[in-house]
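Taken in sequence, the protein lines are chains A and B. Residue 1 is where the first sequence starts when you use our numbering, and the numbers rise one by one after that. Residue 1 is where the second sequence starts when you use our numbering, and the numbers rise one by one after that.
There may be inaccurate statements among the hints.
[To be verified] Straight-line C-alpha distance at most 25 Å; calculated SDA-like pairs for lysine to any residue:
#1 A:K113 <-> A:P52
#2 A:K5 <-> B:S5
#3 A:K57 <-> A:P82
#4 A:K5 <-> B:Q38
#5 A:K42 <-> B:S5
Simulated from the structure, these hints should not be mistaken for laboratory data.
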Amino acid sequence: QQQVKQSPQSLIVQKGGISIINCAYENTAFDYFPWYQQFPGKGPALLIAIRPDVSEKKEGRFTISFNKSAKQFSLHIMDSQPGDSATYFCAASKGSSNTGKLIFGQGTTLQVKP
Amino acid sequence: SAVISQKPSRDICQRGTSLTIQCQVDSQVTMMFWYRQQPGQSLTLIATANQGSEATYESGFVIDKFPISRPNLTFSTLTVSNMSPEDSSIYLCSTQRGGYGYTFGSGTRLTVV
Numbered sequence: 001q002q003q004v005k006q007s008p009q010s011l012i013v014q015k016g017g018i019s020i021i022n023c024a025y026e027n028t029a030f031d032y033f034p035w036y037q038q039f040p041g042k043g044p045a046l047l048i049a050i051r052p053d054v055s056e057k058k059e060g061r062f063t064i065s066f067n068k069s070a071k072q073f074s075l076h077i078m079d080s081q082p083g084d085s086a087t088y089f090c091a092a093s094k095g096s097s098n099t100g101k102l103i104f105g106q107g108t109t110l111q112v113k114p
Numbered sequence: 001s002a003v004i005s006q007k008p009s010r011d012i013c014q015r016g017t018s019l020t021i022q023c024q025v026d027s028q029v030t031m032m033f034w035y036r037q038q039p040g041q042s043l044t045l046i047a048t049a050n051q052g053s054e055a056t057y058e059s060g061f062v063i064d065k066f067p068i069s070r071p072n073l074t075f076s077t078l079t080v081s082n083m084s085p086e087d088s089s090i091y092l093c094s095t096q097r098g099g100y101g102y103t104f105g106s107g108t109r110l111t112v113v
């Protein structure tokens, strides 16, 4: 059972545009929702994360929007740059539990054209 | 967040052999996680390793195929046993510290020929 569904699978955006990636989850026990950025040949790196007690979190050009009732969250990349071209993964976990394991979405390959 | 050193970074192995991947964390952590990332795919959790106890494996992964050691709070190994070409993947270790901060190693790119 896929617990975190991510879309789109791939995304092409012009430089300066807004990139939007969406995720939906099923398990209402999840209480931690991070986004990871992965470049080829590298491990995933934490980009930004949110907990369900807030509806939005912004760090620089990156914003997470969170809709608890819809069980959805999204990543917005403002003023997208070619250096943002990478694969993005959403994830979810029950951070307060002893397991703490991350469940990942399927990933979105972002290409930002100059 | 914790810093993880993972090695080897890549290897090419013959089918039927085994490879042990090592992860060293720069501080003591309770849990370490091992993931597999097949080519072009997402990350799938293999197992969770706590120090002093048997690793907990996810559905589809078994200890005989992926034995894990966790001898202390800063180190863990994953062995991929009796390898076949289907085991060709990136293997990543991860840890959690400070409640919610998950960090990943740089990964081991395994090719089985």
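The hints, checked one at a time:
1. For the hint linking K113 of chain A to P52 of chain A, the alpha-carbon distance of about 33 Å lies beyond 25 Å, and the restraint is violated.
2. Pair hint K5 of chain A plus S5 of chain B does not hold up; C-alpha atoms about 30 Å apart against a cutoff of 25 Å.
3. Restraint check for K57 of chain A and P82 of chain A: satisfied, since their Cα atoms lie roughly 23 Å apart, inside the 25 Å limit.
4. Distance restraint check for K5 of chain A and Q38 of chain B: the Cα-Cα separation of roughly 18 Å lies within the 25 Å cut-off, and the hinted pair is therefore satisfied.
5. With a C-alpha separation of about 12 Å, the suggested pairing of K42 of chain A with S5 of chain B holds against the 25 Å cut-off.
Against the hints set out earlier in the document, violations occur for numbers 1, 2.
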